[in-house]
Amino acid sequence: MVGDWKYYLLLLGIDMLNGERSLPAVIHLLRGRKNHQVMQDCALFGTSLLYGELHKLSVHQLQQYIMELQSAGLIQITSQPSVFCTEEGKKILKEWNGENRIESCIKAFPAIGHKVESTHFWLRLELLVQTLSHVTQGVKSFYPVVAKEEIREEVKGIFYQEPDVQNQALLLKQEIYQWMLTLKEWERKIILMRFSGKDKGGLTFPQIGVHLEEPGEWVRFQLLRLAREKIRSLTLQETPILYRIAYNNREKGVLSQSAQKTFYLLKSGNGLAQIASLRGLRMGTVEDHLVEISLAEPAFDITSFVDKEKQKKIIEIINTYGTRKLGDIKRLVGEGVTFLEIRLVCGREAVNRGTWKKNS
Amino acid sequence: MEKEQLTRALHHFFGYDSFRPGQWEIIESIYAGRNTLAILATGGGKSLCYQLPSLLLPGITLVVSPLISLMADQVQQLKGKGIQPVEYINSSLSREEYQRKVKKLKEGRIKLLYLSPEKLQQDSFLKQLSLLQVSLFVVDEAHCISQWGHDFRTDYQRLLDPVHKLGNPVVLALTATATPDVRDDICNHLQIPQNHIIKQNMNRINIAYDVVNVHDEQDKKERMLQFLHQLQGPGIVYFRSRQGAEQANELARKEGIGRCAFYHGGMDGEERLLIQQQFLMNELQIIFATNAFGMGIDKPDIRFVIHYHLPPDMESYIQEVGRIGRDGVPGYACLLYSPDDGILPGQLIVEEYPQPQQMRDFLLQFSQLPMGPITLSLEKGKETWGFTEQQLSMLLFYLEQKNLLKGLERRWNGWSFTRSSLPPPEVDELIYAMNKRKQIRFRRLNELIAWVEETGCRRRGVTRYFQEDDLSYVANCCGPCGIDHSIYRQKDSEDGVREKWDWEEVLHQLFPINK
Ligand SMILES: [Zn+2]
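Chains A and B are the protein sequences, given in the same order. Per the working numbering, residue 1 is the first one in the first sequence, and the count goes up by one each step. Per the working numbering, residue 361 is the first one in the second sequence, and the count goes up by one each step.
You may find that some hints are simply not true.
[Stated by the list, open to error] What follows is a set of in silico ranges between Cβ atoms, one per label pair, in the way DEER data are often shown:
(1) Trp861/B / Lys91/A: 36 to 44 Å
(2) Pro783/B / Ser58/A: 32 to 40 Å
(3) Asn651/B / Gln63/A: 25 to 33 Å
(4) Met641/B / Ile315/A: 55 to 63 Å
(5) Pro783/B / Thr78/A: 41 to 49 Å
(6) Glu456/B / Gln178/A: 33 to 41 Å
Derived from the structure by calculation, the hints contain no laboratory data. We put the CB at the ideal spot given by N, CA and C, even for glycine.
Chain A with its partners taken away, still in its complex shape (with noise of 0.2 Å):
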């Protein structure tokens, strides 16, 4: 098991989840399930990097080495029916964290679209690179890095909003350059040579891993953190290029399209109800997409669909018995408090925390 990274984040998403989860929570998590209840988890507990991670498995060769951490005495299984790290697993769990170093990558990402977002930003910036390098020096065709057919279009576009080829090139050379002086040289070398152009193929993250003395799966997750890390940075005026590439003329975000629909008929002062019969939608959908924007959107203010003194009471009642189960902390607040009113708030106050939880 040991260098493993299957078992590694099985047991670090098993141990993040915190006993409050059961495992096909942990199953779907990892297998990148797209489910509301999945995609809230992450923002609660912190895990959206791990989210579908590891989605080439079946649901049975999941359970499978499941099975064999428990085996191995590190997790529990009980009837509740939840799953959780025994102290043997926290302590092996430990040890492979010091070995992993990938927490500031976890902390990076506080809800899935992040993740999501972090990627295409990526592969847009390294089809986009491949092609300025090609046809900038005279060369018209090539083979595509990224097989996605919708980033292709993505880049399509990108690259013609700017009809001075030449001058885009330059000022993507700058920006990236810029960016680099930022970074430390490992960083550097992540992102250099995993870009492609004509006179240099980009190398694979175990290639680029053999360079720096690092497993290839850890080599991707700094690469997405340092993309991570840059969006957040960007800005129209000095970041021109990189903006477009990142935010590719849509409003800047992560929510879903459905989920956008939904953020602007609020905006425009619709209530729920309302907005569920505009578009036809079950009022259940309708509230998903309310806690999604509550995830994604840290200036919405959630007041409201919570009054202050609901709010006050949920949070309370998370310090004190340390629980995010929906059903637990709907049994400990009392009448008079709803589901939603209980997920936009437990929502909010992951996303305050800044999501890196951790246990003990």
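Given chain A, put chain B with the ligand in place with the hints provided.
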């Protein structure tokens, strides 16, 4: 259409000045409206034989291919050449992508469409297609039609019906390797007359065939490393397992062999593209790969192929070594063989087929199904009986042939069908049928092993297998005939001084521009 006109189009679209051997005959046959079977060696420029006509014929050209990853690559390459009206549709697409492509199709913006065979079993999709004028129907990797072929696909057996429904366009069947019995099967299935077969010589004159006998695994590793130290790259070492490819790469790295990498189907798409690119750019000299590598790429200067594990049969072997020296320069094919090497490919064959207990469980549940329409998802097949897609497809195909189910149709994530009222078969019958398939595969494996263990001329063995007689060669023939290894040795000492890392230089290399 005149040859002169087509040659001009060839230059315009693809930048070539003339056709390669066999290509013109095939294109001529298509234009004459003849259903045609073309057998062209790997790297002989098969795909051009339909790509060029597709751009000039009045209607659309459909290409059925079993290789999903290859489809995307082909489309990518054509678009890279500036040829835009090409697309592919297969079951790996998301719903949105699929709808986007179907829209393009309806708007007449596609001239050349790659398809996976199961899409043609989807009635709704077939109806869409039948609204269009189809000029040419291409069956790529046509050997998949044959029960005797090394790569039999059940979906391929159902291709004639869509051809009729699409108004009987001209059919072009393409394959790189076909023994006479496979050839007969293809012709029968697709209604191609025997005199419409266009066949290129299988003998690759610039490849030297060698088999090196080793005692055991350790010995094999050492021989492999020895070769890698000596041979002029670029080259490929083929494995039958992902783990094998990864471990060999690790070993080579520790032994100081530079510029090598591994490649297999378990890697993320982007990582695979990067390795391919590095290999094409000669940044890599050696790839440790499974058979997933090589199909989509067009690299003419591969100098050697080593087989660390035994392929499943002669056709696969010839296809893989066929990637050597497409530029005509002599190259070296070597198979490392130890006495136990037949075991792994045998195991892999057995694993491809459902196990008796699985079939028993499956039939038990099948007999309890209602008589109405039923859908069966891949997920369910996997979770309930542990079937792979291929295994489930085999079983359903068998049941369909026995009239136990009707209207078998491929869906997004599985199949739909109606159970007939006939009683389900005895499990022994099913086991027998699967065993028969397995026996064919084992026979083919044993034919390859016989060739490996033979002491006579290897080129003669290959040509005999494909029932040809050309034994000509350049440079070297084969191990038993004697090989002068000096011509395959490294000319330039590859691993010079490693360049010092300088990030500003790397950035400047990407964009060699200044204000
Ligand atoms: Zn010979």
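Hint check:
1. Trp861/B / Lys91/A: 36 to 44 Å: holds, 38 Å
2. Pro783/B / Ser58/A: 32 to 40 Å: Holds: the Cβ-Cβ distance is about 34 Å, inside 32 to 40 Å.
3. Asn651/B / Gln63/A: 25 to 33 Å: holds, 30 Å
4. Met641/B / Ile315/A: 55 to 63 Å: holds, 57 Å
5. Pro783/B / Thr78/A: 41 to 49 Å: Roughly 47 Å apart at Cβ, these two residues keep to the hinted range, so it holds.
6. Glu456/B / Gln178/A: 33 to 41 Å: holds, 37 Å
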